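Chemist: Here is how the chains run, residue by residue.
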Amino acid sequence: MDIFLQLTFSGIALGMIYAVIAFGYQLTFATSGTLNFGQGEALMLGALVGLSLAGNVMGGPYINYWLMIPLVMLFGALHGVVVERIGVQPSVKTKNEFGWIMSTIALAIIFKNVAENIWGKDDITFPSPVSTAPFEIFGARVQIMQVIVVVGALAIMLAVEMFNRKSIYGKAVVATANDSDAAGLMGINTAQVVTFSYALSSATAAFAGVLVAPLTLTGSTMGTALGLKAFAVAIIGGLTSGVGAIVGGLILGIAETLTGYYISTGYKEVPGLLLLLLVLAIKPSGLFGKTTIKKV
Amino acid sequence: MKSKLLGLVAAIAAVVSVSALAADPIKIGVSGPFTGGSAPMGVSMRDGVKLAVTEINAKGGVMGRQFVMVERDDEAKNERGVQIAQELINKEKVVATLGFINTGVSLASQRFYQEAKIPVFNNVATGSLVTKQFIEPEFKENYIFRNAAHDTIQSAMIVEEAITKRKFTKVAILADSTNYGQLGMADLVKALEKKGMKAVAIEKFNVKDVDMTSQLLKAKEAGAQAVLTYAIGPELAQIANGMEKLGWKVPMIGSWTLSMGNFIDNAGKNGDGATMPQTFIQEGNTPKRKAFIEAYVKAYKPANDRIPSPVSAAQGYDSVYLLAAAIKQAGSTDGVKVREALENLKEKVDGVVTTYDKPFSKDDHEAIKMGVPVMGQVVDGRVVPAK
Numbered sequence: 001m002d003i004f005l006q007l008t009f010s011g012i013a014l015g016m017i018y019a020v021i022a023f024g025y026q027l028t029f030a031t032s033g034t035l036n037f038g039q040g041e042a043l044m045l046g047a048l049v050g051l052s053l054a055g056n057v058m059g060g061p062y063i064n065y066w067l068m069i070p071l072v073m074l075f076g077a078l079h080g081v082v083v084e085r086i087g088v089q090p091s092v093k094t095k096n097e098f099g100w101i102m103s104t105i106a107l108a109i110i111f112k113n114v115a116e117n118i119w120g121k122d123d124i125t126f127p128s129p130v131s132t133a134p135f136e137i138f139g140a141r142v143q144i145m146q147v148i149v150v151v152g153a154l155a156i157m158l159a160v161e162m163f164n165r166k167s168i169y170g171k172a173v174v175a176t177a178n179d180s181d182a183a184g185l186m187g188i189n190t191a192q193v194v195t196f197s198y199a200l201s202s203a204t205a206a207f208a209g210v211l212v213a214p215l216t217l218t219g220s221t222m223g224t225a226l227g228l229k230a231f232a233v234a235i236i237g238g239l240t241s242g243v244g245a246i247v248g249g250l251i252l253g254i255a256e257t258l259t260g261y262y263i264s265t266g267y268k269e270v271p272g273l274l275l276l277l278l279v280l281a282i283k284p285s286g287l288f289g290k291t292t293i294k295k296v
Numbered sequence: 297m298k299s300k301l302l303g304l305v306a307a308i309a310a311v312v313s314v315s316a317l318a319a320d321p322i323k324i325g326v327s328g329p330f331t332g333g334s335a336p337m338g339v340s341m342r343d344g345v346k347l348a349v350t351e352i353n354a355k356g357g358v359m360g361r362q363f364v365m366v367e368r369d370d371e372a373k374n375e376r377g378v379q380i381a382q383e384l385i386n387k388e389k390v391v392a393t394l395g396f397i398n399t400g401v402s403l404a405s406q407r408f409y410q411e412a413k414i415p416v417f418n419n420v421a422t423g424s425l426v427t428k429q430f431i432e433p434e435f436k437e438n439y440i441f442r443n444a445a446h447d448t449i450q451s452a453m454i455v456e457e458a459i460t461k462r463k464f465t466k467v468a469i470l471a472d473s474t475n476y477g478q479l480g481m482a483d484l485v486k487a488l489e490k491k492g493m494k495a496v497a498i499e500k501f502n503v504k505d506v507d508m509t510s511q512l513l514k515a516k517e518a519g520a521q522a523v524l525t526y527a528i529g530p531e532l533a534q535i536a537n538g539m540e541k542l543g544w545k546v547p548m549i550g551s552w553t554l555s556m557g558n559f560i561d562n563a564g565k566n567g568d569g570a571t572m573p574q575t576f577i578q579e580g581n582t583p584k585r586k587a588f589i590e591a592y593v594k595a596y597k598p599a600n601d602r603i604p605s606p607v608s609a610a611q612g613y614d615s616v617y618l619l620a621a622a623i624k625q626a627g628s629t630d631g632v633k634v635r636e637a638l639e640n641l642k643e644k645v646d647g648v649v650t651t652y653d654k655p656f657s658k659d660d661h662e663a664i665k666m667g668v669p670v671m672g673q674v675v676d677g678r679v680v681p682a683k
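Residue numbers (the working numbering), protein chains in the order written: chain A, 1 to 296; chain B, 297 to 683.
These are calculated hints, taken from the structure and not from any lab test. Treat the numbers as computed from the prediction; the structure is a model and nothing was measured. Take the hints with a grain of salt, since some may be wrong.
[Unchecked claim] Capping the alpha-carbon separation at 27 Å, the derived lysine-lysine pairs in DSS-like fashion look like this:
1) Lys121/A - Lys584/B
2) Lys112/A - Lys594/B
3) Lys504/B - Lys121/A
4) Lys597/B - Lys584/B
[Stated by the list, open to error] With the Cβ distance kept under 10 Å, some of the chain B side facing chain A (calculated, not the full set):
5) Thr331
6) Glu371
7) Lys373
8) Asn374
9) Asn502
10) Asp505
11) Leu513
12) Gly529
13) Leu542
14) Trp544
15) Ala563
16) Gln625
By construction, the Cβ of each residue, glycine as well, lies at the ideal position given by its N, Cα and C atoms.
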């Protein structure tokens with residue numbers, strides 16, 4: 001039982017990381033029908049910028065970990081605006097259906113190369129802001145940072161949801177998500193809303209980056225695998241559902257740790273991906289996604 | 297008149313080309329990962345080679361010819377290694393190639409050297425198969441040499457430390473999924489078998505894995521008293537840190553990569569006590585070693601005066617002297633003659649790892665024999681001789 005609990009806790013911490021990144025995919029998909037395939041790189045840049053501010057790689061630390069978070073999110077937002085302006089807007093304007101896929105992937109590669117040149121190709125330790133000694137819950141051991149990841153991930157998703165539901169700007173986002181054309185006719189600047197959603201999306205990814213970095217190692221290659229897994233999570237949970245991202249993330253995270261222990265560590269990624277194939281075959285819009293019928 | 301002029305031109309051309317030939321440098325290829333997770337080994341190896349080349353050149357080179365290094369970053373990727381091998385052989389026309397940190401890259405690339413009859417010196421890669429890829433009866437001549445402690449020696453030493461010296465009865469093996477990790481794991485299993493033992497758990501993980509909970513839990517549940525490892529720095533650090541996450545601490549005993557700077561730095565205090573076979577420890581216990589360490593630190597100024605991977609630096613340094621001795625004895629840079637000279641090296645080569653007295657023969661291409669490596673241990677962020 002202890003073992004099962006231990007694996008579940010590790011799976012939850014891992015799954016919530018996937019969930020926040022998947023949430024980032026959803027934010028932009030809702031408003032524009034496009035997504036940033038460089039979401040993993042947005043996370044990586046966030047983590048590395050955070051490390052430069054709060055770690056000692058660039059002559060720092062300049063500020064402490066907690067004060068660094070808002071700055072990193074601001075950086076993430078700017079990064080999102082750049083991605084949207086350069087990668088997405090042109091192809092949306094010209095009604096090019098697939099241009100944004102190629103351009104966001106291209107931007108992701110460029111960001112990775114830039115990061116390699118600034119921070120090097122090596123993995124660097126991110127100093128943990130809290131004690132790394134684990135504490136015990138029901139016989140399983142958990143680190144404080146793992147709890148912070150889970151809480152932080154839930155908090156940022158909740159904050160975005162509240163913003164969308166309560167504020168006037170959020171309502172513009174929701175309106176654009178529901179019917180972009182109608183929202184435009186109602187006087188909402190939908191292009192601006194799309195840019196804003198990209199900023200929000202990259203900011204959450206950057207936030208996720210500084211959350212996970214103390215648990216893993218930081219480096220230019222850290223985002224690629226996470227971004228890909230989170231994409232699987234977004235598909236499993238559904239690209240239109242915030243709850244879906246959380247559930248999908250937890251399913252994938254827990255499936256990985258359980259399979260690793262009970263079946264074989266060599267196969268730990270298989271069940272999650274099998275589930276992905278199954279979802280695509282049976283319910284292509286995802287477990288919690290709204291089925292949309294495209295009229296032609 | 298015209299023919300006279302032509303003759304003159306031809307004569308001048310002949311003189312120029314002869315003198316060019318006399319001063320022709322000896323090109324040696326250096327292939328290793330200078331970026332990424334294996335970089336501490338690759339960079340230290342390259343710098344060790346550079347140090348030896350500078351010394352030899354300062355003394356007038358070999359046969360009056362200077363050594364020139366052609367360095368290439370193989371990024372620890374098999375396909376990059378193959379491209380570089382072809383470039384070094386066909387475009388750069390190297391006399392020999394030193395390097396290969398990663399067993400996989402080595403196995404994929406050295407086929408081209410074997411075909412071109414150009415000697416290869418593996419100065420870091422440790423897979424047992426490396427020097428046995430082209431042996432009789434299928435191949436008459438083997439162009440692959442090594443001056444690193446191969447995995448058969450290392451796995452025997454690891455098992456000796458865990459089972460005989462520390463008297464553990466239950467050990468787990470954790471290895472990464474690369475050629476290096478999996479071949480090393482097989483060697484560990486064989487070494488344990490010789491002691492009539494079996495590992496209680498054998499787990500693998502991928503390079504870049506961030507969560508080792510499942511693997512460590514399995515080892516813990518199986519009652520392992522020690523974890524034997526075969527992986528490289530960053531993932532070894534994840535294991536050490538993963539143990540802290542689980543609040544489970546047993547000794548880590550593993551291949552020499554536990555001495556890598558990126559393990560020691562990323563594991564921090566969790567890495568203390570890790571024990572591994574070493575051919576060279578950064579401790580000037582002989583005048584030759586002292587001079588080498590001082591020269592390295594002075595030339596490359598590593599952080600905290602700690603060579604990122606002292607073993608790689610020392611073996612890289614020695615590999616140049618072994619090659620130089622062979623070229624001198626052969627009196628030629630022809631691959632066949634250099635290989636023959638290596639297999640019957642008359643001069644004793646005084647290296648920093650050991651003194652090489654007839655290091656190779658036709659059937660034995662391993663310069664490092666059992667008994668040369670010693671056990672090292674991480675204490676306060678440095679590798680020191682194990683007690």
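Chemist: So, against the hints stated earlier in the document, which numbers end up violated here?
Modeler: 1, 2, 7, 8 and 16
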